[in-house]
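Could you put together the complete structure from these sequences and hints?
Quick note on the numbering used here: the sequence shown kicks off at 24 and runs consecutively.
Hints are computed from structural coordinates only; laboratory data are not their basis. Check before you lean on any hint, since a few could be wrong.
Calculated pairs, DSSO-like style, for lysine-lysine (alpha carbon to alpha carbon, straight line, at most 27 Å) [unchecked claim]:
hint, residue 1, residue 2
1, 111, 99
2, 100, 37
3, 100, 111
4, 37, 99
5, 111, 37
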Amino acid sequence: MYTVDRHDRVEELKDLPQQSGGAPVPLLLAEDSELVLAYLTSSSSDEVAIVEFDLVAAHYFGPPNDEALSGHPLYKKGLRAYGAYEVKNSSWIRALERMNRVHPNHRPTMYSRDRHFIFAFHDTAFECVAHGIRNVTRLA
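Encoded structure:
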């Protein structure tokens, strides 16, 4: 996990479909630079949200769950259970840029379009660094 500093700022993404609080059963489908996240919404037991991310640089899927979320480094910055967030001035993106500095063709500007997203689910957390969210679909 990355180390958060004073620059990280957590902002809720209110336009995304609200996840089911009980069992959103998140599912990931990923390859090198594309990722799709699907989860059950709070609208009805049958509705699924499908979120497609564009140009993914990194992702994480695992702890903490909702009961241990206060142990997440961004909890003190406003991260809460059952929500979707974007981290502005992300320490994770800055750490990825620093790690890549040894590459002979490294350019810091390669990371200027990256965005850090977090979905805090009931049983797990999902985070990714991507250029953005390409598409959001609701299926009933």
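Hint check results:
1. With a C-alpha separation of about 14 Å, the suggested pair residue 111 and residue 99 falls inside the 27 Å cut-off, and the hint holds.
2. Between residue 100 and residue 37 the CA atoms are separated by roughly 17 Å; this keeps the pair inside 27 Å, and the hint holds.
3. Among the hinted pairs, residue 100 with residue 111 is consistent with the structure: their alpha-carbon atoms are about 11 Å apart, no more than 27 Å.
4. Taking the CA atoms of residue 37 and residue 99, the gap is about 19 Å. The hint holds against a cut of 27 Å.
5. Distance restraint check for residue 111 and residue 37: the Cα-Cα separation of roughly 15 Å lies within the 27 Å cut-off, and the hinted pair is therefore satisfied.
Of the numbered hints given earlier, the model fails none.
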